[in-house]
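> Start from the sequences, fold in the hints, and give me the full structure.
Chains as they are written, first to last, in our numbering: chain A, 1 to 126; chain Y, 1 to 126; chain S, 1 to 384; chain L, 1 to 384.
Among the hints, a few may not be true.
To be verified - Here are some chain S residues pointing at chain A (derived, C-beta under 8 Å): (1) T119; (2) G305; (3) V306; (4) A310.
These aren't lab readings, by the way, just hints derived from the structure by calculation. For every residue, glycine included, the Cβ atom is placed at its ideal position computed from N, Cα and C.
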Amino acid sequence: MSTTEPYAPLVAQLFAELPGAGRPAGPGWACGEAREPLSGTWVRVYLQAAAGRVAACRYEVRGCPHTVAALGLLATRLAGQAVAGLDVDPAALARELGAPAAKLGRIFVIQDALRSAALQLNVGCP
Amino acid sequence: MSTTEPYAPLVAQLFAELPGAGRPAGPGWACGEAREPLSGTWVRVYLQAAAGRVAACRYEVRGCPHTVAALGLLATRLAGQAVAGLDVDPAALARELGAPAAKLGRIFVIQDALRSAALQLNVGCP
Amino acid sequence: MSEPFIYLDYAATTPPDPQVRAAMDECLAAAPGNASSSHVGGRAARERVEAARAEVAALVEAPPEAIVFTSGATEADNLAILGAARGNAARGRHLVSVRTEHRAVLDPLARLAREGFRTTLLTPGRDGLVDPAAVGRACEPGTTLVSVMLVNNEIGVLQDIAAIAAECRRHGALLHVDAAQAAGRVPFTVRGLDADLVSLAAHKIHGPVGVGALYVRREPRPTLVPLSFGGGQEAGLRPGTLPVHQIVGMGTAYALARAALAAEPARLAALRERLWSALRSLPGVHLNGHPTQRAPHILNVSVDGVDGEALLFALGSVALSAGSACNSGHGEPSYVLRALGRDDVLAQASLRFSFGRPTTEAEIDLAAQRVRAAVLRLRALAPA
Amino acid sequence: MSEPFIYLDYAATTPPDPQVRAAMDECLAAAPGNASSSHVGGRAARERVEAARAEVAALVEAPPEAIVFTSGATEADNLAILGAARGNAARGRHLVSVRTEHRAVLDPLARLAREGFRTTLLTPGRDGLVDPAAVGRACEPGTTLVSVMLVNNEIGVLQDIAAIAAECRRHGALLHVDAAQAAGRVPFTVRGLDADLVSLAAHKIHGPVGVGALYVRREPRPTLVPLSFGGGQEAGLRPGTLPVHQIVGMGTAYALARAALAAEPARLAALRERLWSALRSLPGVHLNGHPTQRAPHILNVSVDGVDGEALLFALGSVALSAGSACNSGHGEPSYVLRALGRDDVLAQASLRFSFGRPTTEAEIDLAAQRVRAAVLRLRALAPA
Ligand SMILES: Cc1ncc(COP(=O)(O)O)c(C=O)c1O
Ligand SMILES: Cc1ncc(COP(=O)(O)O)c(C=O)c1O
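In structure tokens form, the structure reads like this:
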């Protein structure tokens, strides 16, 4: 934690606006879930695809401001990406949000949830 | 030393006014001298007698304010006292001036000088 | 976030009372004098110090000579614990304390472990209270010192020090009490505590930070090895030029606290209950610590189903702590709440509200509203 | 004694600069915040602390991270000496210092003797200066720490620390320098001193009493055992809630001192020479300490043929010290002057005049007049 603001302005903005937050209504969503019991972090990522590309991303989360903000970033960026090989770079994400090293584990939780949602898109929802 | 004034008002007054201080002029004075090398205290007491009683007392001194004040008190009080058995009570003097215990040794210096001056009055000056 | 800011972190630090500030500035503007100097400025400084010492002593009904000024409660705790343990090492090397003490107590105990002392750390009940009989059972023939705080800084519980003191007497151990959170918040006297050493802070009760005191019983007088040496101030127990303005600030704060002791604790307790009533109407909000044996100015709750850091951030316009000020922001769950048996995740999702002289009902109501809104918003994100 | 009062005891303590007072009060009046808290008040407090740390560091050209705030120079000296000796005890248990150091250095050394350390205390020359070669000769294979002050608080002499540091390097010993009287009075940098540990005070240079700092070299970083434990503030070296207003006061004072460094030392040195010229015209007045290798703000003289206590009392309207503030009023001759070879009686009849920012030529002239009058009056009482 720096001696000044504990969260980058981008984190504060995403935490305030929560773009894409919430469980989607309707059918046609794949979802992946992951958790980190020590901090109680819990993440669910919902993906909708069309023509092999991500059409929309939604999420539910119980987590720290960096985790919430990271999901908000994903939700605004994933649309249009190819479903095949869909992934996120946790280190880059943490850097972009100014998250301290101790938070990296939580960003991996997001990656896990995203990968498992993407897997369902590829394999087909159960 | 108390947390307030280091010297009682009587000490301050006697130190400011120095009653009887100085080497007397003229003949007919007995004198006694004593010192305490550790503190550098040095005292000379001059006595003049008439009809077996102290007529006047003078002094010279290098010493702390309590020592100076004690001599001032003596000078104002000895006149009229019988030369025979002339003495001073150091403890009473120290008490009256509010001098701390550590100062008692210096009041004894005054007693020594006074006694030796009185001795000369009794025996006759050399 | 341009909502009006609400400060509810008075257990971390309090704003100095305007009278305290005025007394301090008056002192800083006065003719200069080192309280050790023999000239008039020095004597005036000593008189100010002694008047303040009398005020500090009066709040806890101690003789003024028993008050040793320090740079704060942390130093007072260290002087008591390191000082008494080292000073009585020939009699024994065992110490007793509690897992929920402040770091300023636990860390010197940890240091003493490196110097060959042993410490028994008791676990309080789930309500945060220490069983006095357990203190007695922990004492051994070589136990020289027991340290138990009066008011816990995180959860506000109030220990039964008199009963603990009786156990210490029975076992010939000295008793140290960290009363940094208690002074001016709950009425107590050193005689009532029957403690040998009592730590006091100024900045927890509208005095300045950076000054505190250790009460050292006169008869019998515990042997203490000082932390520092030189100059001989404070009866040789605490050297250094006396910070007159700081000491005067503490004295003024303690005089004000004493005057307020008849009414202020009840007022704060009412505010605390008002907040608790508002918060408990939310499901999944748990009170930490004993419901009634507690100081009036601290309320600590744990909230189900939210992340603690996110909750704190969502409450940006309410200044409060997740744990004690010293631990907050580190993301570590509070060791105090863990010692009470709260699991890590719930311990992390805890809020310490604490109140002071400026706190109003309107602030409490507004804070309760904001907490409700934040909790509901975060729970909506994770409707698990 | 209704003569106007003249304060010439700035080496004992200085009045805080009005800007320092204003900065402190502004800080006390600000929104409350414990510098350890994560909310906005806490962050603002941290920012103030770091800005002040940068100011303190700038005066001595240290990196800000090397500055550890303490409750004063006494604590800084103790942290350096007890901390380095205990922290390096595995390497050796021999320490070197000087008989004319401040009690805040000598007393922790005496404490260490009780913990099994040995100390060699050097005697300076009659001019108060320590021969660097003598420091080298005193070092042994087990010498871990050398402590020599930059400016002596009683006589103002300025040691050749860089030459002493070279001897320390040669012998692998750490060097601690008490610069409490030097900071802001003589220009110096930690690099120029080449010391590992440097103690600083605020109240000697128009900052508040009760705050100071220890410079701790970064590379190589000396191992220090803290004096107190708990809370983790100041890189674990000095725990306790940070007294933000005090630290801000020190920062402001150091910023002002840095700005004044170009002109103020020369101005004070001129005042010192003016006073010395006036006093030396009296017979039997002796300068204590080296005539030129000295700080500008201290003049110490011994006076033949008068009692020291009586002289001080006769100078009631001039506030000054017979020795250091900590020793004055005890009637004991100064151990510093005795170490210089002054006999007890002459050592007792000594006056330390010290100057500060408010000191004027008119005050100096008036003080000189009063000293002359007092000396002549007392000598007339004992024309031996
Ligand atoms: C119970 C308790 N003890 C000790 C301390 C430390 O006091 P200070 O801030 O004066 O160092 C605090 C507060 O931080 C406290 O709440
Ligand atoms: C050389 C020296 N070292 C240490 C100290 C002690 O400093 P403080 O008053 O900040 O405890 C002083 C002044 O008293 C001093 O002059």
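> For the hint on T119 (chain S), does the least C-beta distance to chain A fall short of 8 Å?
violated (28 Å)
> Identify whether the interface hint at A310 (chain S) stands, where standing means a beta carbon of chain A within less than 8 Å of its own.
Nearest chain A Cβ about 6 Å off; hint holds.
> Tell me if the interface restraint on G305 (chain S) is satisfied: Cβ within less than 8 Å of some Cβ in chain A.
OK, holds: G305 (chain S) within 8 Å of chain A, min 7 Å.
> Do the numbers back the hint for V306 (chain S), that is, is its least Cβ distance to chain A under 8 Å?
holds (7 Å)
In terms of the numbered hints stated before, the structure departs from hint 1 and from no other.
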